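Work out the full structure, taking the sequences as your base and the hints as a guide.
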Amino acid sequence: MAGADVFTMEPDEVHKSVEILFDVESEVDSRTATLIDSTTELAQQLKDSDTALGPALAEAAEWWQLRRAGGFTGLCGNTGEYLAVCAEEAVEVDDYNAGDFASLADHDRYPGRANENASSRPDW
Amino acid sequence: MEEQPPATDYTQAEAYEPMEQGVADLVEALPDFPGFERRSWNELPCSHGGLDDSDYTSIEIRYTFSEAVSATTQVREDYLDELRTYWSELGLDIHRDDASGTGKYHSIEARREDGINFYYSVGYQVGLMIQSGCVPRSDVSELTYIPPSGGIVPGSEQDTVAHDSHYFPEGVPTDQAAAIDPFATAQPVSGPVPFDPPASYEGHL
Amino acid sequence: MSDMSWKDLRDLDCAAIQSGGYAWAGYVDRMVEQSERLRTDVIAGHLSIENYESDTATQVREHIDLFTGRFEDDLSDYAQTRVRTALLEASEALKAEQDELLELVGLIEERAYEIEGDKHDYEVNPSGELHRSIYLHLDPPQWLCDRVGIDKPSAWYDLVGEAEVMSRLGDFYELAKELGAQYQDRLRAIMSRAHDADDEAAAALTAMREAPPELPPQLGATYDDLIDDYKAELSEEVAAEMEAIFNGESDLSPEQVNQWWEGLSDAEREALIAEHPEWVGPTDGIPVDVRDTANRTVLDDQITGLDQEIADIEQQMDAINADYEAGRPNDSPVSYSELQERLEELRQDRDQLADLDSRIQEPHPDTGQEYFLLGFGTEGEGQAIVSVGNPDTADNVNVYVPGTGADLGGAGYDNGGLMNRIDSMAYDAMRFGKGEETATVLWLDYDAPDGVVGEARDTALAEAAADDLGSFTDGLRATAEGEPSNLTMTGHSYGSTTVGIAARDEGLDVDNMVFIGSPGVGVDSAEALGIDPDNVWASRNPDDVIEYGMVHGEDPTGEEFGGNTFTSEATREGEHPFPGGGNVLLGAAGGAVAAVDGAVANHSAYWDDGNISRENMAFIATGQEGEVE
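As they're listed, the protein sequences go chains A, B and C. Following numbering that gives the first Met the number 0, the numbering of the first sequence begins with 0 at its first residue and continues without gaps. Following numbering that gives the first Met the number 0, the numbering of the second sequence begins with 0 at its first residue and continues without gaps. Following numbering that gives the first Met the number 0, the numbering of the third sequence begins with 0 at its first residue and continues without gaps.
By construction, these hints were calculated from the structure, which means they are not laboratory data. No experiment lies behind these values; they were computed from the predicted model shown. A portion of the hints provided could be inaccurate.
As the list claims (entries may be wrong) - To give an idea of the interface, some chain C residues facing chain A are shown, with a C-beta separation under 10 Å as derived from the structure:
#1 Asp10
#2 Trp23
#3 Glu49
#4 Tyr77
What the hints assert, rightly or not - Below, simulated BS3-like cross-link-like pairs (lysine-lysine); rule was C-alpha separation at most 27 Å, straight line:
#5 C:Lys230 / A:Lys46
#6 C:Lys6 / C:Lys151
#7 C:Lys151 / A:Lys46
Ideal placement from N, C-alpha and C gives every residue a C-beta, glycine not left out.
Here you go:
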């Protein structure tokens, strides 16, 4: 894993990237949930009419939410955390901006995230 | 069902020449001929027992006017009258002379005794088609290039036959003398043919 | 499997299905905005190299690009191409069938018929009420009296009127039963198409979840190991999707295939055409010019391959000959006669393909249109789908489905009846086409009957072709650029049966249907074809033998069928194929035989020189129905 031979960094800018990643994660999750709710309702109507489409649509909607959109939002969130932590460690080798970034990349800025201290952390 | 087809006047290879000669004669008879835009040769299938029979083919030679010429009353209306007169005088059987549903288009056809059919079609584009009926198919190597009529330059882009790799894979003869020119003895027409009207038309009409 | 009853279809909320499709479409748009944020605001913005430069930064940017790309592909392949399109296509198809059902059920109820039986095989029979009005009360309804041609009894004491009813009970029974059979025919066609539309939409959604591509790995300890595998899979994914589409395993409709194709990058498309033209060429939903390029490559390869095979076999035969002449024992595992038989087959295939290849090289001599090769094959009697002009850009498209005896040989020069026909149709369309472009397509992608007896009397071959013809038509609609073309489907002889059965079973998204010399089209009324009966046309010349072979349903030129008719001439006489008759020498004694053979010959006379049917077909194909005679 790369990360040691750093560089240049604008901590504010990197931090804004992290926030966008988290925001996209939240926005996609929320809109997907709304879509799946309405689709499930439609699928039930179609099931009641003995269509083949009804059950297939219900399964497709669930699959989309869990596997594809859900997979994407998971990657968004984890990458956001990874980026925050990775950048925080990177500043240790860059005295110029170390102080600035440490104050911005505080874990407390992202309270309640399930994997705040888990898989997204750099492993070195 | 008989296995042998009836006798015909021509084979495919023999038919092109009298067909093209027919066009040359017709063009000569039409006043102020504006010139065709394009010539092509096509074939249509013949059938036996309900199935296409590859031993026979039906030739269709197509001469088409340009879109601009096709829009003129000369070719859309005047030539219909001219052709009625011309074919009647030749004693041909005009077996079709009718307009489409709204009268926008018109078709007139006449057939010679040797089976060659002339079909003048006034559509969006106006054209003359000359049709052989079914004739025994000839090997393409037997086919001879016949120069076109009606203002089309032999071998030009407008003479699409000359560029058809099926009929003439080696191209058409560059030495025109090598090609059969059925119109070698025809007189060139540079304009309207002088016409002395009779004193009276009584008995002519 | 679709298990909708007619009542389910009647009550189905098609608007809700359509709204569902639009909801997914709107969702996709919103999601694309989110992916754009990652690309623009993160990768190229706050996290750009100007703001953050290091190996780690590079890797994170690549990672975000990868999973954003994956999400965009998912949105295109699944949310858009699969779910949205499946819902919109299903709602449109089901709504069309529902409308027709409502009209039909209105008639059935108004005339006191009832629908009975299994939902996949409905029967429509006179109800008890209708029976009683005829047999018990001798007072049939007005419409039935009109059909029988007698006055309805004026009152219960109109004994004379009732006596007349009594005397015509057999007619009442037959006509009531006949109308019920027509209703049944139409109802079954509606439900068959509705079930198909439902099943196809379901299949597309189910197939979506089978073997989807992996997501990119999470950043972490094993990332470096996993990311190489992921990238390798990514490059194979498109090819695997194309293969699944080609094999029919993806269950994508042509419209969905088109969306998938349009969602690929230029590089992905070019790679597929170069590496797998055999999958690209035949696939409905891929643009016509792309299919043409791919098919021509495959055609060249096949001709080269056949040349090589022929040379190999000739070499083996020479070796056997040499052994024989030298008196040596021959150890070839294949006999000389087997090799000779194989050689003849290969030579025939080779010649037919070379002939087809030669036929599509030069533009049409009159219209100047290029030829487009949309499919071909040598299996069985051979297949060919060739268009004069590009259907994707033409104003009018006329698809010609040939009938009995059609084979690959007919698409070449030596026995080129089929190609000559579409050449003539293209020429006729230019002559009468108002200056618009008409693309004329030969569709020979089915096993046509070999002769006028046997297979031609069975609908099995037409039924087997229905799905492919429906798919081809949908593909033309999907790839069309600009306004939808005026699309005509022209079937000759058994080809008309094929068209009618495809319309009945699959639904054909066409504007006009034209049936020439038809032995019946698999339905008894134009209304069962799924398009406005005013756009259904049929013609039979007065001396076409097919008049005596109406084996596939009601005569489409008959008044009962309910479509339009146009004039065709019997241009052939005598026992052989001589249109015009000028070349025909008929002996008086041969008259009877000649008449029969003339009728057989006239079955194929519709494209003869000067036959008015050619003009009429051109008028329909170019949207000038008012000119038809």
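Cross-check of the supplied hints:
no., hint, verdict
1, Asp10, "holds (7 Å)"
2, Trp23, "holds (7 Å)"
3, Glu49, "holds (8 Å)"
4, Tyr77, "holds (6 Å)"
5, C:Lys230 / A:Lys46, "violated (40 Å)"
6, C:Lys6 / C:Lys151, "violated (33 Å)"
7, C:Lys151 / A:Lys46, "violated (47 Å)"
In summary, the structure is inconsistent with hints 5, 6 and 7 from the numbered list given earlier, while agreeing with the others.
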